[in-house]
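Using the sequences and the hints given, assemble the complete structure.
Protein chains: 2
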Amino acid sequence: MSLKEEIISLARQAKEAYYFLSQASSEEKNKALQEVVKSMERRREEILKANQQDVEEGRKKGLSKALIDRLTITEKRFESMVRGIREVVSLPDPVGEVIKMWRRPNGLLIGKMRVPIGVIGIIYESRPNVTSDAASLCLKSGNSVILRGGSEAFRSNQAIVEAWKEGLEGAGFPASCVQFVPTVEREAVNILLQLHEFIDLIIPRGGEGLIRKVTEISTIPVIKHYKGVCHVYVEEDADLEMAVRISFNAKVQRPGVCNAMETLLVHEKIASSFLPRIGEKLKNAGVEIRGCPRTKEILPYAVEAKEEDWYEEYLDLILAVKVVKNIDEAIKHINTYGSQHSDAIVTSSYSRALKFLREVDSACVYVNASTRFTDGGEFGMGAEIGISTDKLHARGPMGLEELTTYKFIIFGEGQIRE
Amino acid sequence: MSLKEEIISLARQAKEAYYFLSQASSEEKNKALQEVVKSMERRREEILKANQQDVEEGRKKGLSKALIDRLTITEKRFESMVRGIREVVSLPDPVGEVIKMWRRPNGLLIGKMRVPIGVIGIIYESRPNVTSDAASLCLKSGNSVILRGGSEAFRSNQAIVEAWKEGLEGAGFPASCVQFVPTVEREAVNILLQLHEFIDLIIPRGGEGLIRKVTEISTIPVIKHYKGVCHVYVEEDADLEMAVRISFNAKVQRPGVCNAMETLLVHEKIASSFLPRIGEKLKNAGVEIRGCPRTKEILPYAVEAKEEDWYEEYLDLILAVKVVKNIDEAIKHINTYGSQHSDAIVTSSYSRALKFLREVDSACVYVNASTRFTDGGEFGMGAEIGISTDKLHARGPMGLEELTTYKFIIFGEGQIRE
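Heads up: the sequence lines are chains X and A, in that order. The letter at position 346 of the first sequence is residue 717 when you use the working numbering, and the numbering goes up by one with no holes. The letter at position 120 of the second sequence is residue 491 when you use the working numbering, and the numbering goes up by one with no holes.
Any given hint might turn out to be false.
Because identical chains share one entry, a pair is satisfied inside a single copy or across any pair of copies.
Claimed, not checked - Taking lysine-lysine pairs in the DSS-like style, the calculated list, with each CA pair at most 30 Å apart, reads:
| no. | residue 1 | residue 2 |
| --- | --- | --- |
| 1 | LYS436 | LYS402 |
| 2 | LYS598 | LYS471 |
| 3 | LYS595 | LYS375 |
| 4 | LYS447 | LYS402 |
| 5 | LYS409 | LYS536 |
| 6 | LYS375 | LYS386 |
| 7 | LYS677 | LYS584 |
It should be emphasised that the hints constitute simulated quantities derived from the structure, not laboratory data.
Right, here's the structure in full:
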């Protein structure tokens, strides 16, 4: 069998599994997930061993320390992976929910019902826990999934998928509910991304380069999870203590994630009182500040920001700071340089709060809270498969509901169109 | 300016217009639409004249009678185009609706608010009324629009857009809310489909060839409006009079549209009583029947159906007919050969009605009603921009709501993440 035939056959099986899964009840799906928990635990040693091999090979290849860290499944991370499946069991099943239903003048009763999307392809990089996290969310929402992880985690991903297949079969589910691309050949991804006949949605998880490549090649719809260039804007009337607390949290609490602040915007009227206070705290936390000329006047330890800095997702202890004339300049800056992810204003003005909420064109717009809350769990949606920076289908945190589509169900009594 | 620069400049202006439009109130947008009604009426002669030139040139080029008919703006069609704008004025504005809102344990108040998508590109074929229909739906939902019609309707479309721009400016709106690609060069479309920086969504309206080409080239998300291979399945327990009425309506009332029936499936137990009744009526209406072997035994005037017939969207007085063993075979046939558009069962069985609704994987699934109801107006959504055969973002009839996305608005009181 050629590689192409192999990938097509794998996708065809996934589509058949989807027909099975789309009809499974919540009880059946939960039972299957519980079987997977058991088989994951049974195969713990195997999975950890496969992971060790990946890690050793990664070291030989000279992967960076950060990459090796992301690749490693510690005992704690293994536990958290298994707990993740249990948490998905406890989440409500969105499938079958009738979002609305209405009667037409001719008596037709029309309902909009949530149904699974179909076959979802997940293309991701080094972290092997994505394998199990993505599979559990897809299964619970009635979708079959085709997984293609990074080559450096190949053995780990394969071992996790084998445990999954064993669990699924134990519950009487087709093993092909969770498919794994059994090769590290890059050509496999190119083939996969053309199979719109079998695959309904592609979700790439990883760096900007991966996402761009996938979007360019794919003839299947893609939901992108691009970078988060998040802003906090401090208004002239802000409670400065609150502004310090929120800005510090948004930058420092976990700088390596997409909802961390990358640029701080400050109203010119309070720049000289606010910047020294937040600057001191940030400096003590080891944050490098890249400021506009006015910021540099106030904070002598700031380095000069270049035009590129306003676009930058540092994911690190670096912060761009700009003093602006007013809220209009702040909003314009965010809509121009931001990534439509998460942006916050700190203000005590009712009308400026509403203006900011209305005019900032981002997935999540905050008043007086840290951008770090952009997260499926924090929003109360349960686990998330990612945070969409796209506008179509799903925007912001994507949970189980966002892994469904809908169909119209129409109850008639013989109606015809005149 | 090169063609590329020209298209980019046009898209950039559309994006700026979107920022304006997204902030316009419903009242302001309705006022602008009413100004457009006036300017359309003022420019009636100009539009009809431009259309006559298109029609004459079309005749010279030897366009088919059907194409010339679709191209022609009669007085009646002009009236209906203007009435269409008035109807959109009367529809509720979806922008700003808060779909849901909830409070988190930490006090954060999180809402999901409908907002416009941004800049929408519509690529369509010969019917010039699409120009005005699409513009009014996009404007009302706060989106700016870039229109690219067929070359044979170039003068008509241009004249309609000029009237639109005059009306918009009269209401103090930027004329660039409605942009028109001012050339028939094909390269312009290729350029347009790469401008994901400025354009958020592409909706192609036309034949399968156009849609496939657009999908292949575009780096912008596309919502496809493919063909409708719609089925009616008559169960063994169906009220045969109702089954005749529904099947006849679904095939004959308007055969050239996507929600017309293309294949009739009949349970084997009633084939010999039902097929002669519907067959006679269809024959008298001039319908050619292409049947499976069993159908041919019962209806001697049927011609033999080939494998391709089960995939075919005839859009004509032709019908494929197949006798099936049971509901499972019917559902499998629909999910295999259909186009996930609109499918109906005629039955008196409660459990088979529910089974069909659940297992048929189509945008609109009917019990005891004609597939011809799949339409934004008939569903009570007001006007429609099309009927999506995609599963992402919008499925089935797309009205104003489906031309919006959402953003999360978060009201805090100083919350930070621990």
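- Task: Could you place LYS375 and LYS386 in one of the four classes (within, between, both, neither) given a Cα distance threshold of 30 Å?
- Result: within (17 Å within a copy, 41 Å between copies)
- Item | LYS677 and LYS584: within-copy, between-copy, both or neither at 30 Å Cα | within (28 Å within a copy, 41 Å between copies)
- Message: For LYS598 and LYS471, with the copy left unspecified, which applies at a CA distance of at most 30 Å: within, between, both, or neither?
- Response: Result: close only across copies, 27 Å inter versus 34 Å intra.
- Item | Intra- versus inter-copy proximity for LYS402 and LYS447 (alpha-carbon distance at most 30 Å) | within (25 Å within a copy, 61 Å between copies)
- Task: If the cutoff is 30 Å on CA atoms, where do LYS595 and LYS375 land: within, between, both or neither? Let me know, please.
- Result: both (25 Å within a copy, 26 Å between copies)
- Message: Checking an output row: LYS436 and LYS402, CA cutoff 30 Å. Within, between, both or neither?
- Response: neither (39 Å within a copy, 61 Å between copies)
- Message: I want to check one pair: LYS409 and LYS536. Are their C-alpha atoms no more than 30 Å apart within a copy, between two copies, both, or neither?
- Response: Close inside one copy (12 Å), not across copies (65 Å); limit 30 Å.
When each numbered hint is compared with the structure, a violation occurs for hint 1 only.
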